[in-house]
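Peer 1: Required output: the full structure, derived from the provided sequences and hints.
Mapping of the sequence shown onto the working numbering: residues -4 to 137, in sequence order.
Hints are computed from structural coordinates only; laboratory data are not their basis.
A hint or two may mislead.
Derived lysine-lysine pairs resembling DSBU-like cross-links, with alpha carbons at most 30 angstroms apart [said to hold, decoys possible]: (1) Lys131 - Lys18; (2) Lys14 - Lys99; (3) Lys99 - Lys137; (4) Lys129 - Lys99; (5) Lys18 - Lys7; (6) Lys137 - Lys(-1); (7) Lys114 - Lys131; (8) Lys129 - Lys112; (9) Lys18 - Lys129; (10) Lys129 - Lys7; (11) Lys131 - Lys(-1); (12) Lys137 - Lys7; (13) Lys137 - Lys114; (14) Lys114 - Lys(-1); (15) Lys129 - Lys114; (16) Lys99 - Lys131; (17) Lys129 - Lys14.
Just the calculated beta-carbon pair ranges, DEER-fashion [as the list claims (entries may be wrong)]: (18) Pro122 - Asn3: 28 to 36 angstroms; (19) Ile48 - Ile115: 30 to 38 angstroms; (20) Ser75 - Met(-4): 38 to 46 angstroms; (21) Ser75 - Asn2: 31 to 39 angstroms; (22) Gly135 - Leu10: 17 to 25 angstroms; (23) Asp91 - Ile115: 16 to 24 angstroms.
Using N, Cα and C, we set each Cβ at its ideal position, and we do this for glycine too.
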Amino acid sequence: MEIKFANNTNIKAILNVQKAAIKEIGNKDMLVTLSEEEIAQNVDDGVLCVCQIDERIVAFRSMHIPVDDYLGKYIALDPSYRDQLIYSDITVVHPDYRGRGLQKILGEWLFQAIDDKFKIIMATVHPDNIASIKDKFHHGMK
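Peer 2: Take a look at the structure:
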């Protein structure tokens, strides 16, 4: 298994993992997907990592650097902290590779690898997505 920051040559494989996950998911509202443009932006920003097993991308996890902050306002965030804010955005694991703890592993890797300037990590989670809720608590989020 190899985890690394994604590059532009990985975008098609990332979209394929996302497509396979959507096909298998029961409640389509539980997964907000990323467009190809959003994936490319997150790759360019250096906030999207992939997991490869046997040279095949089987999962990805992405942060998002907000242009328009929609969560910071809920914690009365001082505007001077805006450059320190990042969102834990999405993790997608190919259905054939679920149950291996990849969401947690990717999160541990990405939370350590992102730029140290990001001091505030925020997220939203669908209330029925128990795996993602547990994941956020595992990473010390409240």
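Peer 1: Against this structure, judge whether each hint is valid.
Peer 2: Results for each hint:
no.	hint	result
1	Lys131 - Lys18	24 angstroms, holds
2	Lys14 - Lys99	21 angstroms, holds
3	Lys99 - Lys137	16 angstroms, holds
4	Lys129 - Lys99	9 angstroms, holds
5	Lys18 - Lys7	17 angstroms, holds
6	Lys137 - Lys(-1)	27 angstroms, holds
7	Lys114 - Lys131	16 angstroms, holds
8	Lys129 - Lys112	25 angstroms, holds
9	Lys18 - Lys129	23 angstroms, holds
10	Lys129 - Lys7	29 angstroms, holds
11	Lys131 - Lys(-1)	21 angstroms, holds
12	Lys137 - Lys7	34 angstroms, violated
13	Lys137 - Lys114	14 angstroms, holds
14	Lys114 - Lys(-1)	21 angstroms, holds
15	Lys129 - Lys114	21 angstroms, holds
16	Lys99 - Lys131	9 angstroms, holds
17	Lys129 - Lys14	24 angstroms, holds
18	Pro122 - Asn3: 28 to 36 angstroms	35 angstroms, holds
19	Ile48 - Ile115: 30 to 38 angstroms	32 angstroms, holds
20	Ser75 - Met(-4): 38 to 46 angstroms	40 angstroms, holds
21	Ser75 - Asn2: 31 to 39 angstroms	33 angstroms, holds
22	Gly135 - Leu10: 17 to 25 angstroms	30 angstroms, violated
23	Asp91 - Ile115: 16 to 24 angstroms	35 angstroms, violated
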